[in-house]
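Undergrad: Here's the letter readout for the chains.
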Amino acid sequence: MDLYLTTGFLGAGKTTTIKDILNIFKDKKVALIINEFGQTGIDGKILADITSDVHEVAGGSIFCTCKINQFENVLENIIKQNNPEIILIETSGLSDPSSAYQVLKQDKFRSINYKGCICIVDALHFNKVIHTARVAKKQVRISDLIIINKIDLVNFVKLEKVKSLIYELHPFATVEQTSYGVIDPSWILDLSTTHKDNHEINIKDITLVSYEIIIDPKCSKNELAKLIESFIEDSYRVKGFLQLKDGKFLINCVGDSIIMEEYCKEINENKLVILSSGRLPIGKSLKHTKELYPNILLDIIR
Amino acid sequence: MKQILFDVLEHKQTPRLPWVPFAGVHAGKLLGYTADEVLTNKDKLLASLLEVNKLYKPDGQPVVFDLQLEAEILGCELVWAKDGPPSVKTHPLEGEESILPCKCTIPGPEDGRLPMVLDVMKAMKEKVGDTTALYGLICGPFTLASHLRGNDIFMDMYDDEEYVKKLLNYCLDVAKAMTKMYVDAGMDIIAVVDPLVSQISSEHFEEFLSEPFTKLFAYIKELGAYSSFFVCGNATRNIEVMCKTKPDSISVDENVDLVATKNITDAYKITIGGNIPLTSVMLHGTQQDNMKYVIDLVDKMPNKTHLIIAPGCDMPYDVPIENSIGIAEAISQMDQMREALKNYVAVQDNIEVELPDYASLKKPLIEVFTLDSLTCAACTYMMAAANNAKAEFGDKIDVVEYKFTKKENIARCVKMGVSNLPSIYINGKLKFSSIIPSKEELDKAINDAM
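Protein chains in written order, with my numbering: chain A, 1 to 302; chain B, 1 to 450.
Hints may contain errors.
List of simulated lysine to aspartate or glutamate pairs, EDC-like, C-alpha gap at most 20 Å [said to hold, decoys possible]:
(1) B:K44 x A:E200
(2) A:K290 x B:E96
(3) A:K137 x B:E110
(4) A:K137 x B:E77
(5) A:K284 x B:E94
(6) A:K287 x B:E77
(7) A:K284 x B:D395
(8) A:K290 x A:E229
(9) A:K287 x B:D160
(10) B:K103 x A:E212
(11) B:K439 x B:D156
(12) A:K290 x B:D184
(13) A:K284 x B:E77
(14) B:K89 x A:E200
(15) A:K284 x B:E96
(16) A:K284 x B:E110
(17) A:K284 x B:E162
(18) A:K284 x B:E97
(19) B:K42 x A:E212
(20) A:K105 x B:E110
(21) A:K287 x B:E97
(22) A:K108 x B:E110
Treat the hints as calculated values from the structure; they're not laboratory data.
On a predicted model such as this, the values are computed, not experimentally measured, just so you know.
Based on the sequences and whatever the hints tell you, model everything.
TA: This is the structure in structure tokens:
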């Protein structure tokens with residue numbers, strides 16, 4: 001069975017790309033493992049609409065670079081019970097995928113043919129994340145194929161800058177570019193592992209922080225957009241399902257763009273998960289937001 | 001022989017005292033390898049440690065002496081040196097947000113330089129483990145918290161006590177994980193090295209450190225290993241509170257009066273180790289100076305049990321090899337050597353140093369006396385406090401560091417009457433001795449001198 005790892009910093013467009021990859025393998029038996037962030041299980045819910053064989057490695061902590069034991073167990077179970085032709089792993093946007101790779105090197109996974117690691121890079125925000133999140137560099141360095149996504153949002157000069165940053169980190173990378181996460185099947189089908197002299201030592205990023213904010217269901221879409229705008233610059237990612245005055249929505253923000261899509265399933269907790277770094281003044285920003293919108297933002301939980 | 005060391009830790013009588021040379025980067029000197037080579041290259045480290053074992057005949061020996069190992073894994077950038085361990089350059093948790101790292105960032109055997117270190121530990125166990133007790137050195141929770149948070153932690157201890165406790169709890173978890181890996185790799189003694197413990201008051205020790213250290217030493221015991229609490233700098237005031245955390249042994253440097261301290265540790269049935277002066281004797285002294293120092297040290301002790309002879313801390317890279325060999329000889333044949341050296345008088349260096357005319361200074365002069373701010377963690381943070389003040393006050397003040405590793409600075413310390421390192425003097429007057437000031441305290445002292 002062939003195994004593909006996908007990585008990429010929060011909001012780069014991994015979930016969208018995975019939808020596309022699933023499409024390439026639509027005639028095969030595919031198992032998808034998601035190393036999800038948070039307990040909200042958002043990506044899992046989205047992807048479950050496309051394929052039924054979704055396995056989440058979730059947990060109480062969102063930064064678990066890899067819940068190694070859980071991941072191993074999930075993988076072992078899939079091999080035993082489902083015997084898929086293709087295994088696709090979406091690693092968490094904050095994780096160092098090399099820890100997943102370490103697991104695969106074990107003898108018990110000999111039947112797996114590791115095809116390589118695909119890294120999705122957000123053309124618009126790459127320059128920012130590379131300078132605040134250590135893990136973003138590692139994701140590029142250990143990947144075999146790097147797909148620059150959202151190229152429609154940048155000009156030629158900025159795109160060239162992104163490419164040169166990538167080549168600085170990984171001079172032998174295969175680099176492709178796209179918009180809306182659309183991929184050419186040949187990129188995936190021709191993927192092979194590149195030889196990398198990786199003498200780099202494993203280093204953790206201890207500066208990642210997460211907050212949850214509780215939103216009043218009487219809040220309108222417009223009010224929510226304004227509320228998010230007041231802190232979005234200091235976050236990496238804002239995500240969650242919310243019941244608002246105008247209906248139910250999936251909120252999905254990256255960089256400075258706020259996306260609200262209608263959502264029809266049940267919502268348990270009216271909260272947004274915010275991921276950021278201690279290198280950004282997110283705590284202060286959220287406190288300020290609470291002062292501005294005391295009736296909408298009901299609580300900040302860390 | 002390792003049994004002599006174990007017997008001393010078990011409070012048994014021994015035919016002689018145990019000897020533990022803390023040859024960290026100095027091990028590399030024996031084979032011509034630089035400090036950064038032995039701390040990053042498995043083969044060079046192993047070969048150097050085996051050479052230490054051959055030449056210095058230790059009863060116990062550390063495998064790697066690098067308090068920055070954990071900090072590096074957790075994102076601190078290091079500055080490497082050819083003749084000393086690396087020092088921490090950046091602190092990932094510095095700044096306004098009081099971040100608590102996720103427990104999933106606690107180091108594992110694949111992280112940082114641990115694959116290399118664990119391999120060397122296993123190899124040392126196999127090659128010399130039958131005769132030599134092996135020390136696994138971990139960074140103590142308080143020094144690790146300082147590496148991660150930087151000088152901000154000294155303010156946090158007044159402003160945000162809860163945060164400090166939580167951060168120390170995370171650092172305790174890191175220390176436990178390191179302990180487990182090192183014990184599994186065959187280490188007999190886990191040394192918790194926390195130089196910054198000497199830089200806080202006993203009240204702060206009891207408020208913040210008693211609990212994590214007590215838990216850590218209990219955990220080491222639970223795993224079947226012996227423990228040692230390493231501290232450097234003038235930790236005299238904290239020896240008693242350190243004893244209450246129940247380590248098997250405590251190791252101190254020349255800033256501490258070993259005879260007086262041993263009275264306290266004896267009362268708690270804790271073995272004490274130390275405290276051959278690192279620079280004035282080991283680095284700059286002759287072989288006879290070293291042998292005589294050890295013999296005099298032992299002779300001064302009314303009670304010679306519960307005692308380990310060791311350098312004050314990590315030996316300087318350039319310690320002449322014959323000095324350590326001399327110490328080993330003095331310990332193994334103490335009576336003969338005492339007789340041979342009875343008429344020996346140390347040669348004094350006569351270096352003239354000129355002190356500033358403090359009364360006529362145009363602006364405050366901050367003089368920081370350190371062992372070496374690049375190699376001694378307590379000195380790093382003392383110097384950082386002065387450098388932060390310089391950044392803030394700019395041309396209104398002058399800041400200078402005197403490292404004890406230079407002979408002329410030793411002479412300056414003698415002339416100034418500096419008795420403890422690190423210390424800060426302002427306009428020739430002692431202001432902070434072995435206590436790292438918070439920003440507010442140092443700013444006030446400078447403003448008073450304006």
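Undergrad: If a hint holds in the structure, say so; if it doesn't, say that too.
TA: Verification of the hints:
Of the pairs offered as hints, the one joining K44 (chain B) and E200 (chain A) holds, with about 19 Å between alpha carbons and a cut-off of 20 Å not exceeded. Among the hinted pairs, K290 (chain A) with E96 (chain B) is consistent with the structure: their alpha-carbon atoms are about 18 Å apart, no more than 20 Å. For the hint pairing K137 (chain A) with E110 (chain B), the CA-to-CA distance comes to about 19 Å; that is within 20 Å, so the pair holds. Proximity of K137 (chain A) to E77 (chain B) is assessed by CA-CA distance (about 15 Å); at most 20 Å being required, the pair is judged to hold.
Between K284 (chain A) and E94 (chain B) the alpha-carbon distance is near 15 Å, which keeps this suggested pair within the 20 Å criterion. For a cut-off of 20 Å, the pair hint linking K287 (chain A) to E77 (chain B) is broken: about 31 Å separates their Cα positions. Proximity of K284 (chain A) to D395 (chain B) is assessed by CA-CA distance (about 33 Å); at most 20 Å being required, the pair is judged violated. With a C-alpha separation of about 13 Å, the suggested pairing of K290 (chain A) with E229 (chain A) holds against the 20 Å cut-off.
Distance check on the hinted pair: K287 (chain A) and D160 (chain B) sit about 18 Å apart at the alpha-carbon level, within 20 Å; holds. For the given pair, K103 (chain B) sits about 19 Å from E212 (chain A) by alpha-carbon distance, which is consistent with the 20 Å threshold. As the CA atoms of K439 (chain B) and D156 (chain B) are separated by approximately 11 Å, the hinted pair is consistent with the 20 Å bound. For the proposed pair K290 (chain A) and D184 (chain B), the alpha carbon gap of about 49 Å is over 20 Å, so the pair is violated.
Distance check on the hinted pair: K284 (chain A) and E77 (chain B) sit about 26 Å apart at the alpha-carbon level, beyond 20 Å; violated. Distance restraint check for K89 (chain B) and E200 (chain A): the Cα-Cα separation of roughly 19 Å lies within the 20 Å cut-off, and the hinted pair is therefore satisfied. Taking the CA atoms of K284 (chain A) and E96 (chain B), the gap is near 9 Å; set against the 20 Å cutoff, the hint holds. A hinted pair counts as satisfied when its Cα atoms are at most 20 Å apart, and K284 (chain A) with E110 (chain B) does not qualify at roughly 36 Å.
Our distance criterion of 20 Å between C-alpha atoms is met by K284 (chain A) and E162 (chain B), whose separation comes to about 19 Å. A hinted pair counts as satisfied when its Cα atoms are at most 20 Å apart, and K284 (chain A) with E97 (chain B) qualifies at roughly 8 Å. Taking the CA atoms of K42 (chain B) and E212 (chain A), the gap is near 45 Å; set against the 20 Å cutoff, the hint is violated. For the hint pairing K105 (chain A) with E110 (chain B), the CA-to-CA distance comes to about 13 Å; that is within 20 Å, so the pair holds.
For a cut-off of 20 Å, the pair hint linking K287 (chain A) to E97 (chain B) stands: about 12 Å separates their Cα positions. Annotation: proposed proximity of K108 (chain A) to E110 (chain B) holds, straight-line Cα distance about 19 Å (limit 20 Å).
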